[in-house]
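Undergrad: Protein sequences, first through last, are from chains E and R.
In terms of the numbering used here, the first sequence is residues 8 to 398.
In terms of the numbering used here, the second sequence is residues 8 to 398.
Honestly, the hints are just simulated from the structure, not real lab data.
Treat each hint with caution, since some may be false.
Identical copies carry no separate label here, and so any pair may be met within one copy or between two of them.
[Unchecked claim] Here are the computed lysine-lysine pairs in the DSS-like style, where the Cα-Cα straight-line distance is at most 25 Å:
hint	residue 1	residue 2
1	K350	K51
2	K350	K383
3	K250	K330
4	K95	K143
5	K222	K307
6	K67	K386
7	K231	K128
8	K95	K51
9	K330	K67
2 protein chains.
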Amino acid sequence: MLNIGERNPVQKILMGPGPSTVSPRVLRALAEPTLGHLDPDFLKIMNEVMEMLRYVFNTKNQLTMPMSGTGSSGMETTFVNILEPGDKVIVAVKGVFGMRMVDMAQRCGAEVIQITAPWGKPVQPDDLRKALATNKGIKVFAVVHAETSTGVLQPLKELSDICSEHDVLFLVDTVTSLGGVPVDIDDNEISLAFSGTQKCLSCPPGLAPITFGEKAYHVLQNRKTKVQSWYLDLTMIARYWGKERVYHHTAPVNMIYALHESLRIIAEEGRENRFARHRKNSEALSAGLEAMGLKLVVDKEYRLPSLTTVYSPESVDEAEVRKQLMQQYHIEIGGGLGDFRGKAWRVGLMGYASTQTNVILFLTALGNILETMGQKVDKRGALDAAVGAFG
Amino acid sequence: MLNIGERNPVQKILMGPGPSTVSPRVLRALAEPTLGHLDPDFLKIMNEVMEMLRYVFNTKNQLTMPMSGTGSSGMETTFVNILEPGDKVIVAVKGVFGMRMVDMAQRCGAEVIQITAPWGKPVQPDDLRKALATNKGIKVFAVVHAETSTGVLQPLKELSDICSEHDVLFLVDTVTSLGGVPVDIDDNEISLAFSGTQKCLSCPPGLAPITFGEKAYHVLQNRKTKVQSWYLDLTMIARYWGKERVYHHTAPVNMIYALHESLRIIAEEGRENRFARHRKNSEALSAGLEAMGLKLVVDKEYRLPSLTTVYSPESVDEAEVRKQLMQQYHIEIGGGLGDFRGKAWRVGLMGYASTQTNVILFLTALGNILETMGQKVDKRGALDAAVGAFG
């Protein structure tokens, strides 16, 4: 006989690469009674979610909705719907999520050309120009806006202009930027994009907002082959989220409630206020870390407000520091991935968790732990610098 | 400026084809604080979910876990992981979900042979024998255990024996059976199966439990090509749910809490008690409907305890009846799909919603509504028959 106890998870301070801490308002929304997926009351909620997603994406795109899976299902949605076997795609690789895009595009039978940048740097527009000059018939260029593995914010406008000149679809991963950093789908002429709910939207993981512009939608409607994934096939799913309400799969009703509430919170705060908050708190964190004597991974102009990467001191076991942060302070941060494994920390300040309180607590906690490990750190300087940055 | 109000959904009685009514205990679990997807406290919860899923599936299969998508993603998971282009598969088609399997298998590049049965009937073992006699090199036979579009419970044992004789993988859709009807993965020698959380598990939609036996796992490990879906690729996901804990995608943490709680409820009740409850309540419902003067779609021996299909009287607008049920009683039932569109209702008694109270309320409500529409129905007889069946 099975005898499994209750869970009772303790509230942690989620300052890693995601999930981020979820607002009690959003948690409460999750617990609202489940409606049928064709209940008129639920259909209204779906419409409102689409409207609010358009606001956060800053787009007029009709086809803007959450996919019923986590952020990676959003990535897969963009590739499987837009690519057919033999298509040529350029992917910018400068971290884990660019590599993931390459893998997914190849699984669609596409020919993938990579342009790269060192981890911790953005890709250069000239590299895209060169790739387009030497490779004809490119259908899509895909890039990660906010690389969660490196903390780099990739400038988009020039890349977008190049795509427009060459009539190439511009596909952008906005997982760690949406809701924390402007993504401006329409102004940046982004053809299609995807995101996740567990970063700057501060909703639990489980949904993947996507948006397809007219050009991408036209490509979708004129495919020669079926989308290889039935589950992620937008030619069908758009008919459930659209006026026809044709059943495809049973929507994850309660997760949609949670997203609805997290988007309501964003609408209340206002996009611009929210972006300013993320910027200010990350600047305070960066100032504090540097004043403490630590070195940031990313040059100032490319730093991602939602995720800061910082080198751990060489003589310190970075995993032990993270363990102490969790045990002593209930703070979760991330370790390095790939090139940065064992060498850097990833500190998120996303959505609900992007607060002055968390910055001060984290700097205090990190300073104390490093000191007990024999590191010489300027704890007072770190806090002074952070508080100074708050202004 | 956006100004979207709160949701405040009213509690409905979900007696359709799913989602079913969710227990307050499960809703409460959804609202527990989100943990990181690699937090040791969360990893423990994951392990317990796997253990309890094995109990409900009645299997020792190590690879038993929930996929991060709804039931249909579970269907896609089984096909994309087990099939490679050019593989031959036999699919039993006797309703919507068999048709969906055909579509998914074809999208994997497989050659699909269909065996069929009329809607409302199970497939016949002899038809599988014939298909195997005339088609060599079949890799998989796929069948729906509980057809949600027809209310038929497909007997499995003989089909399974035939698969064993021919060394064919036996793939079973248990979406509407798991947790309400015995599926007995190991006893039935089912090679691989999938389900959904929003039916007899009475958890909100959003996760898809799957189980792969040794034979299916061996096939997976010896693929010549990559799984065409990155998101559903079990060769990677099994390493996150297994001992290695290699990051693949961010697990839908709060939905996993909900599944954990719904499985705890099942473990407390006990599998056999739960199955008996589903059987008894559906027998009472059937007895009541027949006594009222209505005709059931499925012959007694193949009736699905979790979903009853009943013909609507010809002179009645079946959609109007469903509308009245919702407006007057907050009861949701389903309309017919495919062959049964406009002709039948689908009445679910799943998990938390499979209660004597719901049977009595529904029979009363349906009787009243049909009477106001001028139908001659035996309201008293219906209730007497139902109460008699409860014993």
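Undergrad: If a hint holds in the structure, say so; if it does not, say that too.
TA: Hint by hint, here is what the structure shows:
1. K350 / K51: neither (48 Å within a copy, 28 Å between copies)
2. K350 / K383: Only inside one copy: K350 and K383 sit 18 Å apart there, 78 Å across copies, limit 25 Å.
3. K250 / K330: between (50 Å within a copy, 19 Å between copies)
4. K95 / K143: For K95 and K143, the Cα distance is within 25 Å only inside one copy (9 Å; across copies 37 Å).
5. K222 / K307: Neither. Shortest intra-copy (34 Å) and inter-copy (54 Å) distances fail the 25 Å Cα cut-off.
6. K67 / K386: So K67 and K386 fail the 25 Å test inside a copy (47 Å) and across (53 Å) alike.
7. K231 / K128: Close neither inside one copy (38 Å) nor across copies (36 Å); limit 25 Å.
8. K95 / K51: neither (39 Å within a copy, 43 Å between copies)
9. K330 / K67: neither (44 Å within a copy, 34 Å between copies)
The structure shown violates the earlier hints numbered 1, 5, 6, 7, 8, 9.
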